[in-house]
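K.L.:
This is what each chain is made of:
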Amino acid sequence: MKLIACTEGHSSKIEAFSLEMIAAARSLVEAGDEVVAFFAGAEADAASSLFGAADRLLVARASKSELIPAETYARLLRDVIDAEAPGLVLVPYSANGLDVAADIAARTGWPLISYVNEIKRDGDELTVVAQMYGGKILADCAVRLPAILMVNPGAFAEAAASPIDSAKVSMIDAEAVLAGGKVKMVDIDVPDYADVDLTKAERIVCVGRGIGDEASIDLARNLATLLGAEIAGSRPVVDNGWLPKLRQVGKSGQKVKPKLYLALGVSGAPEHLEGMSQADLIIAVNTDPKAPIFNVAHYGATCDLFDLVANLGDRLRAGSGR
Amino acid sequence: MNILVVLRMIPDSAGELQLAEDGRAIDREWLDFQLNDFDDHALEEAILLKEAGGAKVMAVAIGEGAKRVLQMAAARGADEVVALQSEEDAMISSREIAASIAAMARARSVDLVLCGVQSSEDVFGQLAPYVGALLDCPHVSGTNRIVANGAMLRVTQERGAGVAVTYELATPAVLGVQTASKAPRYVSGSKLREASKTPIGRATPEPSGFERSAEIITLRLPVQGGSGEILGDNADTVADRLVGILAAKGLARN
Ligand SMILES: Cc1cc2nc3c(=O)[nH]c(=O)nc-3n(C[C@H](O)[C@H](O)[C@H](O)COP(=O)(O)OP(=O)(O)OC[C@H]3O[C@@H](n4cnc5c(N)ncnc54)[C@H](O)[C@@H]3O)c2cc1C
Chain L
1 MKLIACTEGH SSKIEAFSLE MIAAARSLVE AGDEVVAFFA GAEADAASSL
51 FGAADRLLVA RASKSELIPA ETYARLLRDV IDAEAPGLVL VPYSANGLDV
101 AADIAARTGW PLISYVNEIK RDGDELTVVA QMYGGKILAD CAVRLPAILM
151 VNPGAFAEAA ASPIDSAKVS MIDAEAVLAG GKVKMVDIDV PDYADVDLTK
201 AERIVCVGRG IGDEASIDLA RNLATLLGAE IAGSRPVVDN GWLPKLRQVG
251 KSGQKVKPKL YLALGVSGAP EHLEGMSQAD LIIAVNTDPK APIFNVAHYG
301 ATCDLFDLVA NLGDRLRAGS GR
Chain A
323 MNILVVLRMI PDSAGELQLA EDGRAIDREW LDFQLNDFDD HALEEAILLK
373 EAGGAKVMAV AIGEGAKRVL QMAAARGADE VVALQSEEDA MISSREIAAS
423 IAAMARARSV DLVLCGVQSS EDVFGQLAPY VGALLDCPHV SGTNRIVANG
473 AMLRVTQERG AGVAVTYELA TPAVLGVQTA SKAPRYVSGS KLREASKTPI
523 GRATPEPSGF ERSAEIITLR LPVQGGSGEI LGDNADTVAD RLVGILAAKG
573 LARN
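As you go down the protein sequences, you meet chains L and A in turn. Heads up: the first sequence begins at 1 in this note's numbering, then just goes up one per residue. Heads up: the second sequence begins at 323 in this note's numbering, then just goes up one per residue.
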């Protein structure tokens, strides 16, 4: 059986989760199986220099574009599926994967399970653990191959990066499919990190929707100052305009690994955890004892965040003589 | 432009979720249902598009409390509101409802289908790409800005690390909204009362059309805590402990 691991990259970079998809596929091979990595984009050389853990690499090459729209990616992947007749397709849960996975599922009629953390295989049966309800519930699912799984970044350890033998790499010319696509990329905006770069911060205080309103952000900001920390927010806080976009942590924000991550009123949805679960010390304050943030926190408190901010602030001020 | 916006009612996951007796679903009996947050943003984007360039907005709601949410949608500016019937006490699988949404879009010559990028019950796949593929029209998910210029759409999508990508595509199209261009508006009580008279249409679901699906064997709560230590709910003692922990790790002072 063939297992296709979908990989991604844009703007001259390969996404780190690509090696996780290859590792996930590798973990499922049985005798005679083959792991085929699929890549679409201009970064053919980078992909070839990293994806040695796959048995083969198919590169749909489009050198004129910084980024392949998901519509084009899905169309190219469909051709690959037709040609290779795989038993399993692993798609990352990414901005691109969100458009690719169910599109392929609809057009092949194959089952799809999303937000996958664990996969076990027994011949052509899989049992899969998927996250639901913002990570509050785990679903044990059964599916018969062929199937598609959308896999959470961070769920599998990366395969070792190594170059792949050039004899195992096939190039597909993607220019024609890209040119015929109905979704055209017209602009790509990469933020300027000159002002804030959370990825370099050693200490972060992150506020979630539990902070309630914009005025209260200042309370958290004062605490951050006392701790020598950068202030950050979850998606709803940034969406509400209470903090700038560069201060968002998570899937569509920054991936951070500070020495201290203090989360105030953050529920810990999978998309948030993706950005911060690797922090050295995670302290979470949330009045809901079932909040998934406690699954990754080293220390958790279920008191009201405002009470904690006040109490901790008092002690830090007293300690520093301010 | 004809816009169809999908509003899914989902269990409030900030509340306590309990498992049903058979362990295959959550117990929906005492749950609070609320509009999927991302669908709320999709509704707002639909109304903003209507205000910017003129459009007819049909809101289709599904699930417990659909009626209440449709009145809210009418108060915010939806022209037509329809409740799509669903199986009582069952989760709303986007894979299952995609065929119904696609059929309604076809029947009404809809130019643009909007829905939230995801919902907490779409474990078997997301609505926007399903509907897009069934209609064989382009779809983009994770949008945070949509501008229409006649039949041309300019759509900005959030990617990782703060990267934003803008695409151009023509209608008909399906968009999975992450964030509306502006935060969802508040509706006053008087507007809501007025909208409560809006007639609510009814639609019956189509079969999903998919022969094979995955299935849920059991649901369970994640093992709590792992190696983490719970410091309790007393802010005073928690603060004391944290000062100690931070000091021990050399993190207390800046
Ligand atoms: C494609 C995609 C990308 C995404 N990218 C990101 C991302 O980059 N970053 C991100 O954060 N999210 C992202 N999300 C959204 C994510 O799914 C969640 O919706 C979001 O993380 C929830 O934010 P929150 O925890 O602040 O809010 P909520 O989930 O609403 O949680 C608020 C929490 O505060 C607690 N609380 C309330 N009041 C208090 C109080 N007084 N004291 C203590 N606790 C209190 C509540 O118990 C609750 O747990 C993304 C989603 C998608 C679909």
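Simulated from the structure, these hints should not be mistaken for lab results. Among the hints, a few may not be true.
Just the calculated beta-carbon pair ranges, DEER-fashion [claimed, not checked]:
id, chain 1, residue 1, chain 2, residue 2, range
1, A, 428, L, 63, 36 to 46 Å
2, A, 505, L, 46, 30 to 40 Å
3, A, 407, L, 124, 15 to 25 Å
Heads up, incomplete: computed chain A residues facing chain L, CB under 8 Å, no partners named [unchecked claim]:
id, residue
4, 491
5, 529
6, 530
7, 533
8, 544
In this text, a Cβ means the ideal position worked out from N, Cα and C, and glycines have one as well.
K.L.:
A separate judgement is required for each hint: does it hold in the structure or not?
P.N.:
Hint by hint, here is what the structure shows:
1. A:428 with L:63: 36 to 46 Å: About 38 Å separates the Cβ atoms of residue 428 of chain A and residue 63 of chain L, which means 36 to 46 Å holds.
2. A:505 with L:46: 30 to 40 Å: 39 Å, holds
3. A:407 with L:124: 15 to 25 Å: Between residue 407 of chain A and residue 124 of chain L, where Cβ atoms are some 36 Å apart, the hint is violated.
4. 491: 5 Å, holds
5. 529: Since chain L brings no Cβ nearer than about 13 Å to residue 529 of chain A, farther than 8 Å, the hint is violated.
6. 530: 10 Å, violated
7. 533: Interface hint status for residue 533 of chain A: holds (6 Å vs cutoff 8 Å).
8. 544: Result: holds, 5 Å to nearest chain L Cβ.
Going down the numbered hints, you'll see the structure goes against 3, 5, 6, while the others check out.
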